[in-house]
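Chains as they are written, first to last, in numbering that gives the first Met the number 0: chain A, 0 to 688; chain B, 0 to 70.
If you are wondering where the hints come from, they were derived from the structure by calculation, not from laboratory data.
Note that this is a predicted model, so its numbers are computed, not measured.
Mixed in with the good hints there might be a few duds.
[What the hints assert, rightly or not] Lysine-lysine pairs mimicking DSSO-like chemistry, simulated, CA-CA at most 30 Å apart:
no.: 1; chain 1: A; residue 1: Lys409; chain 2: A; residue 2: Lys307
no.: 2; chain 1: A; residue 1: Lys598; chain 2: B; residue 2: Lys21
no.: 3; chain 1: A; residue 1: Lys523; chain 2: B; residue 2: Lys38
[Claimed, not checked] Partial list, derived from the structure: chain A residues whose beta carbon lies under 10 Å from chain B:
no.: 4; residue: Leu360
no.: 5; residue: Lys362
no.: 6; residue: Ala509
no.: 7; residue: Ile521
no.: 8; residue: Arg533
no.: 9; residue: Arg537
The beta-carbon is built from N, C-alpha and C at its ideal position, and this holds for glycine as well.
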Amino acid sequence: MYIKSIELENFRQFKGKQSIDFSIEEDKTVTVILGQNTGGKTTLVRAFAWCLYGGTPEEMGFKKNSLLLNTEIQVDMEKDKSQTESTVKVSLVVNSVHGLSEDSEDKNALHQYRIERSQKYYKDSKNQVFAAKEQKMVIYSQKMQGDSIDPSDNEEMIQDKKRINEIINSIMPKELSEYFFYWGEKIENIGKKTDIDKAIEIFTGLDVYSHAVKHVATARDNLTNAIVISSGKANLHELLEKKKREETRLSGLERQLQTAKDGLKYYQEQKDKADQEYFQIRDEEKQVERRKELLSDKNRLEAKSEIKNGQFLKQFNNKKSSIFFVQKKASELLDMVKENQNEKQDIGWSNITVSAINEILEKGVCVCGRKLSDHPEAIKHLKEQEAYALPNALGGYISKIESIYTYASKDAFNYVEQLKNDYVEYDEVMNEIKSVESELEDLARQNIDPEEFERRKQNRIQAEENLGQAHNKKGAIEEQINQAKDNIKNLAKEIDAESAKENRGQLLRARKKLAERVLETIKKQKNEQSEEMRNELRSYTQNYLNQIYKGKRFIEITNGFRIKVKNEVNGIMRENETSPGLETVKNFAFVAALITIAKDVAAKKNESSADSEGASEPYPLVLDAPFSQTDEEHVLNICKLITQVAEQTILVMMEKDWNIANRILGSSVGKYYVINKKSETYSVIGSGV
Amino acid sequence: MNYRIQRKSIEKMMNMTNEEEKYPITDEMVQQAVDKVKKAEIVNKIFGYKLDATQMADQVNGILDEIVRPK
Numbered sequence: 000m001y002i003k004s005i006e007l008e009n010f011r012q013f014k015g016k017q018s019i020d021f022s023i024e025e026d027k028t029v030t031v032i033l034g035q036n037t038g039g040k041t042t043l044v045r046a047f048a049w050c051l052y053g054g055t056p057e058e059m060g061f062k063k064n065s066l067l068l069n070t071e072i073q074v075d076m077e078k079d080k081s082q083t084e085s086t087v088k089v090s091l092v093v094n095s096v097h098g099l100s101e102d103s104e105d106k107n108a109l110h111q112y113r114i115e116r117s118q119k120y121y122k123d124s125k126n127q128v129f130a131a132k133e134q135k136m137v138i139y140s141q142k143m144q145g146d147s148i149d150p151s152d153n154e155e156m157i158q159d160k161k162r163i164n165e166i167i168n169s170i171m172p173k174e175l176s177e178y179f180f181y182w183g184e185k186i187e188n189i190g191k192k193t194d195i196d197k198a199i200e201i202f203t204g205l206d207v208y209s210h211a212v213k214h215v216a217t218a219r220d221n222l223t224n225a226i227v228i229s230s231g232k233a234n235l236h237e238l239l240e241k242k243k244r245e246e247t248r249l250s251g252l253e254r255q256l257q258t259a260k261d262g263l264k265y266y267q268e269q270k271d272k273a274d275q276e277y278f279q280i281r282d283e284e285k286q287v288e289r290r291k292e293l294l295s296d297k298n299r300l301e302a303k304s305e306i307k308n309g310q311f312l313k314q315f316n317n318k319k320s321s322i323f324f325v326q327k328k329a330s331e332l333l334d335m336v337k338e339n340q341n342e343k344q345d346i347g348w349s350n351i352t353v354s355a356i357n358e359i360l361e362k363g364v365c366v367c368g369r370k371l372s373d374h375p376e377a378i379k380h381l382k383e384q385e386a387y388a389l390p391n392a393l394g395g396y397i398s399k400i401e402s403i404y405t406y407a408s409k410d411a412f413n414y415v416e417q418l419k420n421d422y423v424e425y426d427e428v429m430n431e432i433k434s435v436e437s438e439l440e441d442l443a444r445q446n447i448d449p450e451e452f453e454r455r456k457q458n459r460i461q462a463e464e465n466l467g468q469a470h471n472k473k474g475a476i477e478e479q480i481n482q483a484k485d486n487i488k489n490l491a492k493e494i495d496a497e498s499a500k501e502n503r504g505q506l507l508r509a510r511k512k513l514a515e516r517v518l519e520t521i522k523k524q525k526n527e528q529s530e531e532m533r534n535e536l537r538s539y540t541q542n543y544l545n546q547i548y549k550g551k552r553f554i555e556i557t558n559g560f561r562i563k564v565k566n567e568v569n570g571i572m573r574e575n576e577t578s579p580g581l582e583t584v585k586n587f588a589f590v591a592a593l594i595t596i597a598k599d600v601a602a603k604k605n606e607s608s609a610d611s612e613g614a615s616e617p618y619p620l621v622l623d624a625p626f627s628q629t630d631e632e633h634v635l636n637i638c639k640l641i642t643q644v645a646e647q648t649i650l651v652m653m654e655k656d657w658n659i660a661n662r663i664l665g666s667s668v669g670k671y672y673v674i675n676k677k678s679e680t681y682s683v684i685g686s687g688v
Numbered sequence: 000m001n002y003r004i005q006r007k008s009i010e011k012m013m014n015m016t017n018e019e020e021k022y023p024i025t026d027e028m029v030q031q032a033v034d035k036v037k038k039a040e041i042v043n044k045i046f047g048y049k050l051d052a053t054q055m056a057d058q059v060n061g062i063l064d065e066i067v068r069p070k
């Protein structure tokens, strides 16, 4: 199908009637709608889905208890007593591309459907605006001749809910719509929960087989009834009645199973929600633990800092500190003295003065006790020393001072090094304290309420319990269903065996036999086609993923037609967590594969085989800000893929994202629109350049 | 007892044999019926499911009647 146009009336911020005609020309398949944040881009895409499938504002992703009705209209209604009702309406015009085969009576039976969904709003006694319980849906159907409506065909108005559902399903099954109508910038989350096998059946034309199976089975059962009636045998009637009762029980059980499945889905969602909240709690609990650790660290570090501070002060007050502080002046003094001395400065005894020498000479005895008169060379030596000794010369003294100074310098150096070390250690501790304090401040900013922890924990336990019960309930019903099916099968066998004894009803039995063989054949064909479809889908998806994704990942398609991405680790395929970017890329590859398969199926329509007929048709892609999670290279790759596969693309996005996509898609754009945000409650769709 | 069971089985087999001889179901007949049923389903889909399940089952019955006709 192609979406020809959309008209919105009072739908959220789109006040009054506003419409968009989409480009459906062969080489201009893209329509671009640009809008700023909160301007109504997502709302516009939701309008497509609301028109086709309905739903409450909450189900459509709007705020709980909000209205689909434009707020300004709502306020006007509340103010103006005479204004008692308003309507929200969305109309979609779609061109179906269905056609029959050449031997059909109506080989060009293409249709245009105008799908209208509306919701009335009234006022209560307190002037509060409320939504009517029922939403109204009508489809106007008209045959087409080429690209336009066939004037000779009368427009048919369809209001029967069952027919409407079937038409909508044939246009775009709801389960599949999330792959074609992306909204809310959550493309990476699509298709994670619901199996889409039923939708794929409709999409690929396999639903024809499912319908055929159902109808042939009914025909066969009708034949069984006819056989029994024609026999006139009481025991056969009794068996048939028993079988009918069992069938009634089975349909009741199947209804119960559906309810149980819905319940299971609901409880699964509740469990997911509770899990999510629990994981937040778990993180918060970790934060509480962390806070305790940090406080303990802080105390320890503060004690350590006091010790380090003490060590530093002690070192600072060390007696060697004076040496350090006079070291520089001492060095200068030493240099100065040395400069003013002659070469004798380093000669002579260091600890002797002229007066001491004179005293020794006068006494005539050396300090070692020997008589000088016996050693004239000693007297000579002593007299020589007089020239070098104090106060005649400073050499010896300077040598002594220099030696003292060298030791003192080493002490001063060691003193400073130790002081530095102490300071660095103290500084490190202080930095650690700062870091701990900063983390504590961050934690203090978060409100952690122990009661809230407990509530969430209990919720999770309860949700788990509910889910378990729902599983058990479903399992019990399934068991009963299997039992009922076995009973029906056995009764059918019994009826067959009993009726075979009769001579009457041979023709009916032969027809029934044919019905059974037809049933068997169609079921077999359906399974084969379904398997083939899965393989094709996997192969196309893999191929497209290889085209657009930089890394190497492997695609698997489950029985429910859900898509999984795996990677190879040491020769083993593993399903790993994927990033939002990879999810987006993967889903685009999957959508491209779906579109390609739809094209293939449509192409097969022209072949004589009836197998592929009745299949669906080209699907439009309606994308709301689809590239927000992907990098530029992937955006460009995805855009290339869109031009390759999609026969109609409606892009709703911000200008900055379009500037990238434009490089690839620009030449395919047939129509531009801009959403102008006039206020928080009013946006206008206008033509762009 | 054994004789009665045997007689019943023989009668049943005779009955079945007669039935198959009188109204044999061939592979061609099955294929023909499968094609016609599928075609009917496709037409119904294309025309917006105008026929409900009961009407479609009647159509299938009609197809079966048409293929296996009284001799």
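Hint check results:
The straight-line distance between the Cα atoms of Lys409 of chain A and Lys307 of chain A is roughly 24 Å, inside the 30 Å bound, and the hint therefore holds. Proposed proximity of Lys598 of chain A and Lys21 of chain B is contradicted: the alpha carbons are some 46 Å apart, above 30 Å. Distance restraint check for Lys523 of chain A and Lys38 of chain B: the Cα-Cα separation of roughly 17 Å lies within the 30 Å cut-off, and the hinted pair is therefore satisfied. Evaluation of the Leu360 of chain A hint against chain B yields a violated restraint, the C-beta minimum of about 141 Å exceeding 10 Å.
The interface hint given for Lys362 of chain A is violated, since its Cβ lies 143 Å from the closest Cβ of chain B, which is over the 10 Å cut-off. At about 3 Å, the closest approach between the beta carbon of Ala509 of chain A and any beta carbon in chain B falls short of 10 Å, and the interface hint on this residue holds. For Ile521 of chain A, the suggested interface contact is upheld, since its CB lies about 6 Å from the closest CB of chain B, less than 10 Å. For Arg533 of chain A, the interface hint is violated, since its Cβ never comes within 10 Å of a Cβ in chain B; the closest pair sits about 21 Å apart.
The beta carbon of Arg537 of chain A comes no nearer than 26 Å to any beta carbon in chain B, farther than 10 Å, and the hint placing it at the interface is violated.
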